[in-house]
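S.K.: Sequence:
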Amino acid sequence: MFACSRRTLFIHHRLYDAYLPDAIQDAFTVSAAYCNRTVETVDMVLRILENKAANLVKEDRKSNSLEELLASVQALLLFHIIQLFDGDIRQRFLAEQNMDILRTWTAQLQDRVSDLDSTPTWQEWIFTESARRTVIISVFIDGLYSVLKTGQCSNIRALSVLPFTSGATLWDLTSSASWLAESHGLRSHTVLYGDFSRAFENGRVPGKLDGFQKLLLAPCVGERYREVLEIEA
25 MFACSRRTLF IHHRLYDAYL PDAIQDAFTV SAAYCNRTVE TVDMVLRILE NKAANLVKED
85 RKSNSLEELL ASVQALLLFH IIQLFDGDIR QRFLAEQNMD ILRTWTAQLQ DRVSDLDSTP
145 TWQEWIFTES ARRTVIISVF IDGLYSVLKT GQCSNIRALS VLPFTSGATL WDLTSSASWL
205 AESHGLRSHT VLYGDFSRAF ENGRVPGKLD GFQKLLLAPC VGERYREVLE IEA
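For the sequence shown, the numbering used here gives the first residue as 25, with consecutive numbering after it.
If you're looking for bench data, these hints aren't it; they were derived computationally from the structure.
Since the structure is predicted, the reported quantities are computational estimates derived from the model, not experimental observations.
Warning: the hint list may mix true and false statements.
[What the hints assert, rightly or not] Listed below are the simulated EDC-like cross-link pairs for lysine to aspartate or glutamate, each with C-alpha atoms no more than 20 Å apart in a straight line:
#1 K238 / D219
#2 K82 / D41
#3 K173 / E120
#4 K232 / E206
#5 K82 / E120
#6 K82 / E92
#7 K238 / D166
#8 K173 / D110
#9 K232 / D196
#10 K238 / E225
#11 K82 / D46
#12 K238 / D196
#13 K173 / D112
#14 K173 / D124
#15 K232 / D219
[Stated by the list, open to error] If you anchor each label on the Cβ, the simulated ranges turn out as follows:
#16 Q147 / G235: 42 to 52 Å
#17 V66 / R228: 24 to 34 Å
#18 V66 / A201: 40 to 50 Å
#19 R71 / N226: 41 to 51 Å
#20 C28 / E148: 26 to 36 Å
Cβ coordinates follow ideal geometry from the N, Cα and C atoms, glycine included.
Generate coordinates for the entire structure from the input sequences, incorporating the hints supplied.
M.R.: If you want it as structure tokens, here you go:
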């Protein structure tokens, strides 16, 4: 998704319109190279990935702005996903070495992202919601990997209390004018992960599910809703 459309389920397509951090440039380069890898180039692609991830984790985050911290977490998360699930043993080992760093950065990001103002601007909401979703996906991937390794999710409670804005309407808007028209009652759309999962099982999530909602629900409700939760590429 990132290589083809500069967006993911946790990176808004307008998040980096004005400012493009080095970490995100590296993440885009790696994503594009990985998606277009061939038998002849895969070794080089993984070497580039390894180098970019190593350089990222070496950087000092203590004096970083919140914007730089978000970019770093998103970039490391993209690297992490590739390294954990590519199947290459060395890359998986390296990702495991960086798990504590990603957890620390994620916790810092969660602590530094304040609650939404009652009337945020569109750009402020884009940043805050991208940060919220980035935190959720980081904790989500951590839990998913623990299930694959040990058979148990290590952070169900932490996941259940993470907030996000439910539904694709606000996330998919393309202009500030449409934001002004649609953003009334913004706080009523903010839900906790656990509450959202229970609401879905009780039939209280109206309308069509978007990709982010489906991803969150997949490990919670399992095979019963397999067809409903299929995510389109």
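S.K.: Confirm or reject each hint.
M.R.: Going down the list of hints, with the structure as the test:
1. K238 / D219: holds (15 Å)
2. K82 / D41: Distance ~27 Å between K82 and D41 Cα, so the pair is violated.
3. K173 / E120: Given pair K173, E120 holds - Cα atoms ~11 Å apart, limit 20 Å.
4. K232 / E206: Roughly 17 Å separates the two Cα atoms, so the pair holds.
5. K82 / E120: Holds, at roughly 16 Å.
6. K82 / E92: Within the cut-off at roughly 14 Å; holds.
7. K238 / D166: holds (18 Å)
8. K173 / D110: holds (15 Å)
9. K232 / D196: Judged against 20 Å, a Cα distance of about 14 Å means the pair holds.
10. K238 / E225: holds (13 Å)
11. K82 / D46: The given pair, whose Cα atoms are some 14 Å apart, holds under the 20 Å limit.
12. K238 / D196: Holds, at about 16 Å.
13. K173 / D112: holds (16 Å)
14. K173 / D124: The given pair, whose Cα atoms are some 16 Å apart, holds under the 20 Å limit.
15. K232 / D219: Distance ~18 Å between K232 and D219 Cα, so the pair holds.
16. Q147 / G235: 42 to 52 Å: violated (23 Å)
17. V66 / R228: 24 to 34 Å: violated (46 Å)
18. V66 / A201: 40 to 50 Å: Hint holds: Cβ distance 45 Å, inside 40 to 50 Å.
19. R71 / N226: 41 to 51 Å: Holds: the Cβ-Cβ distance is about 49 Å, inside 41 to 51 Å.
20. C28 / E148: 26 to 36 Å: holds (27 Å)
Consistency note: the structure conflicts with the earlier hints numbered 2, 16, 17.
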